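The residues making up each chain are set out below.
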Amino acid sequence: MGSRLFQALADGVLGGGVYGLMAVGLTLIFGVLDIINIAQGILVILGSYLSYVLWAHLHIDVFLGLLITIPLMFVLGVAIQWFFIRPLRGRERTSMSLLASYSVAIIIEGLLYQVFGSNYQSIQTKYFTNTIKVFGYYIPYIYLYGFGLAVLFVAAVYYMLYRTQFGRSVRATMQDQTAARLIGIDVNRVAALTFGIGVAVTAAGGMVYGSINSFSPNSGADLISRLLAIIILGGMGSIVGALGAAVIMITLESLVDVFWNPNWSVVVFYAVLVLVLVFRPQGILGRKEARAQ
Amino acid sequence: MSASRPMSASPMSASPMNASPVRANAIWRIAAAVALLAVVAAVPLTSNVTLVHVGVFVLMYVGMAVSWNIFSGFSGYISLGYAVFFGSGLYTVAIFSKHLNLTGSTVFAFLPVGAVVAGVIAIPVGLIALRVRRHTFVVITIAIFFIFQLMAYNFGFTGGSAGILPPYLNWDPNTFNNPFYYIALIVAVGSMVLAWGIWGSRFGLQLRAIRDDEDRARGLGVKTMRVKLIAFVISALIAGVLGGLYFYFQQEALPEFAFNPFLDLTIALMVFVGGFGTLWGPVFGALLLEPYLGYAQLQISNSYVSEIVLGGLFLFVILVLPRGILPTAREKLTALRAGQQRRSAAKGASPPSGMTASAVQAGSGSPSTGSMR
Numbered sequence: 001m002g003s004r005l006f007q008a009l010a011d012g013v014l015g016g017g018v019y020g021l022m023a024v025g026l027t028l029i030f031g032v033l034d035i036i037n038i039a040q041g042i043l044v045i046l047g048s049y050l051s052y053v054l055w056a057h058l059h060i061d062v063f064l065g066l067l068i069t070i071p072l073m074f075v076l077g078v079a080i081q082w083f084f085i086r087p088l089r090g091r092e093r094t095s096m097s098l099l100a101s102y103s104v105a106i107i108i109e110g111l112l113y114q115v116f117g118s119n120y121q122s123i124q125t126k127y128f129t130n131t132i133k134v135f136g137y138y139i140p141y142i143y144l145y146g147f148g149l150a151v152l153f154v155a156a157v158y159y160m161l162y163r164t165q166f167g168r169s170v171r172a173t174m175q176d177q178t179a180a181r182l183i184g185i186d187v188n189r190v191a192a193l194t195f196g197i198g199v200a201v202t203a204a205g206g207m208v209y210g211s212i213n214s215f216s217p218n219s220g221a222d223l224i225s226r227l228l229a230i231i232i233l234g235g236m237g238s239i240v241g242a243l244g245a246a247v248i249m250i251t252l253e254s255l256v257d258v259f260w261n262p263n264w265s266v267v268v269f270y271a272v273l274v275l276v277l278v279f280r281p282q283g284i285l286g287r288k289e290a291r292a293q
Numbered sequence: 001m002s003a004s005r006p007m008s009a010s011p012m013s014a015s016p017m018n019a020s021p022v023r024a025n026a027i028w029r030i031a032a033a034v035a036l037l038a039v040v041a042a043v044p045l046t047s048n049v050t051l052v053h054v055g056v057f058v059l060m061y062v063g064m065a066v067s068w069n070i071f072s073g074f075s076g077y078i079s080l081g082y083a084v085f086f087g088s089g090l091y092t093v094a095i096f097s098k099h100l101n102l103t104g105s106t107v108f109a110f111l112p113v114g115a116v117v118a119g120v121i122a123i124p125v126g127l128i129a130l131r132v133r134r135h136t137f138v139v140i141t142i143a144i145f146f147i148f149q150l151m152a153y154n155f156g157f158t159g160g161s162a163g164i165l166p167p168y169l170n171w172d173p174n175t176f177n178n179p180f181y182y183i184a185l186i187v188a189v190g191s192m193v194l195a196w197g198i199w200g201s202r203f204g205l206q207l208r209a210i211r212d213d214e215d216r217a218r219g220l221g222v223k224t225m226r227v228k229l230i231a232f233v234i235s236a237l238i239a240g241v242l243g244g245l246y247f248y249f250q251q252e253a254l255p256e257f258a259f260n261p262f263l264d265l266t267i268a269l270m271v272f273v274g275g276f277g278t279l280w281g282p283v284f285g286a287l288l289l290e291p292y293l294g295y296a297q298l299q300i301s302n303s304y305v306s307e308i309v310l311g312g313l314f315l316f317v318i319l320v321l322p323r324g325i326l327p328t329a330r331e332k333l334t335a336l337r338a339g340q341q342r343r344s345a346a347k348g349a350s351p352p353s354g355m356t357a358s359a360v361q362a363g364s365g366s367p368s369t370g371s372m373r
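From first to last, the protein sequence lines stand for chains V and R. With the working numbering applied, the first sequence covers 1 to 293. With the working numbering applied, the second sequence covers 1 to 373.
Be aware that a few hints might be false.
As the list claims (entries may be wrong) - Anything over 12 Å on all C-beta distances counts as not near chain V; from chain R, calculated:
#1 A26
#2 L37
#3 N101
#4 V189
#5 V193
#6 R330
Claimed, not checked - Short, incomplete list of chain R residues facing chain V, as computed with Cβ under 10 Å:
#7 N154
#8 F157
#9 G159
#10 V309
If you're looking for bench data, these hints aren't it; they were derived computationally from the structure. Fair warning: this is a prediction, and the values are worked out from it, not measured in the lab. Note that the Cβ used here is the ideal one computed from N, Cα and C, for glycine as well.
Go ahead and model the full structure; you've got the sequences and the hints to work with.
As structure tokens, then:
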């Protein structure tokens, strides 16, 4: 009982940190650009595949490989924003951006299928096989390092937002785009860079995800629905909320998994989302939208 | 910008002629619609099994796109939970026919039951989801969708991942598709007529007011929640019928196809290609895309390529024709007619014949009616 509880909590908190990292990218993009990047899920999987290629074919350590994959994903993010999101204008911009990022997602998914096939892959490094014994329960190192990495990245994003000049312009753009433009902020540049940063964190998220789970191009859809549930629960645009919601939800899921039935753990995940929104439509830490739509 | 020109350029003397060309126009349109319907209804007479098979899918997608648009297009709430109602209708019909051991054409009697169950499910779902707007609404519909899919996998009465087997239909393979074709045709035409009726009605105007500015609509006295919910339920009823039809036609009730995430995205793509929130855009989009998708599905070896092509197509539409093909085409046509009109006005002479005069009149009349169809 005790060890199962500990196992569930450890899985939930440590795994939740990784989901938190992916969700932070998503919520940051939402906060600045007011769009939901549906491609975030498949981009995480792309990050997993990039790490997989570096590890399996070039024998580069997965953590060292991040030095290559993070800049790559950053450039990809900026390019997606520049070519497919920025040109959207008009009343339907919000829904259009949703569909545009969805299109990007299915193109990436199709390309991944084309290149890697539909078989499940996994990154089996020494970080997964070596374990550390805590309270009679063995935790693979990857969980700890992954959690540490997530904390590091979230802290870096937080520092960037609240302690730098660029962060100030990002926050100004989040608050009021027109006003930000008026005081001389290059909103297009801020939007592109923010999208790039939001996508770049998926390189790290994908590496850890791929080291813990086996993945196929099909995994993107499952990931994005979880990430969306997390950022809505946390309150869209709230970074702390995303992190908190990720840990809460993944912990809840693993508790249901261990103590009840793995088949229902995902249902509980979404049911909690629906329940919370019945009572608090703006999420746990979200602000109420004034004149939405 | 160019759309406003013909109004200012329209000749003053033309107004007395207004009535007769409009009425003639309406008669022409009705005649064209009846002729088209006759041609479509005659397709099974060709006894080309493949053609009819594809036709059933095309008509089903027309029905789905139109009914999706009745809620999402008119109200502006993009729902990715349409498959919830499709799947509910499908499983309802499947469970009924399994327990009652139905055979023969009595199977179709249970399609309305599927619709009603889907409609009833839509009420609590709508009451929850319609409290939130925009992105949050989209995501809530996705979440509810996944709850239903997982329930279909996990509950006993749905047969889990093995699904439910349909009754064996001992029909002649040459005419097997025909009943499905005619039912799909009835549903498709029925939803089109329904959409057309709603479009200009008080209810439709209330829906479109919600799309434009929900808070202002409420301020003006629209009971927004009730209006949204009714449209949501209407859309679900049609989804339920088509789900039930799909069950017999495809002879399967499997969780991954009954609750298929790609269904919603395909429908959304069709509607956006044709013209989101317009009256005839969804019909056009479904007619244009479903044959391609059906073809791509047959080419299984290339299914990933077809996925990439679909994504590229979607991006192209969004970036180049963001408002859909029909509204954009209408705009271009109006601009073209305005150009002709300017040239004839510059000559200082009356248009060469009565035909062009009425065409010019129709062209200058349509933009002043305001909203895009």
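Hint by hint, here is what the structure shows:
At roughly 31 Å, the least C-beta separation between R:A26 and chain V is larger than 12 Å, which holds for a residue marked as non-interface. At the 12 Å boundary, the C-beta of R:L37 stays outside the reach of chain V, the nearest C-beta of that chain being 32 Å off. Distance to chain V confirms R:N101 as a non-interface residue, since its nearest Cβ pair spans about 30 Å, more than 12 Å. Residue-level check passed: R:V189 sits 28 Å from the nearest beta carbon of chain V, beyond 12 Å.
No beta-carbon of chain V comes within 12 Å of the beta-carbon of R:V193; the shortest separation is about 26 Å. Residue placement check: R:R330 keeps its beta carbon more than 12 Å from all beta carbons of chain V (closest about 17 Å). A cut of 10 Å between beta carbons decides the hint on R:N154: the least distance to chain V is about 5 Å, and the hint holds. With 10 Å as the threshold, the beta carbon of R:F157 stays out of range of chain V, its nearest partner Cβ sitting at about 15 Å, so the hint is violated.
Checking R:G159 against chain V by beta carbon gives a least distance of about 15 Å; that is not within 10 Å, so the hint is violated. Below 10 Å, beta-carbon pairs count as interface contacts, and R:V309 has one with chain V at about 8 Å; its hint therefore holds.
Going through the hint list in order, the structure does not satisfy hints 8, 9.
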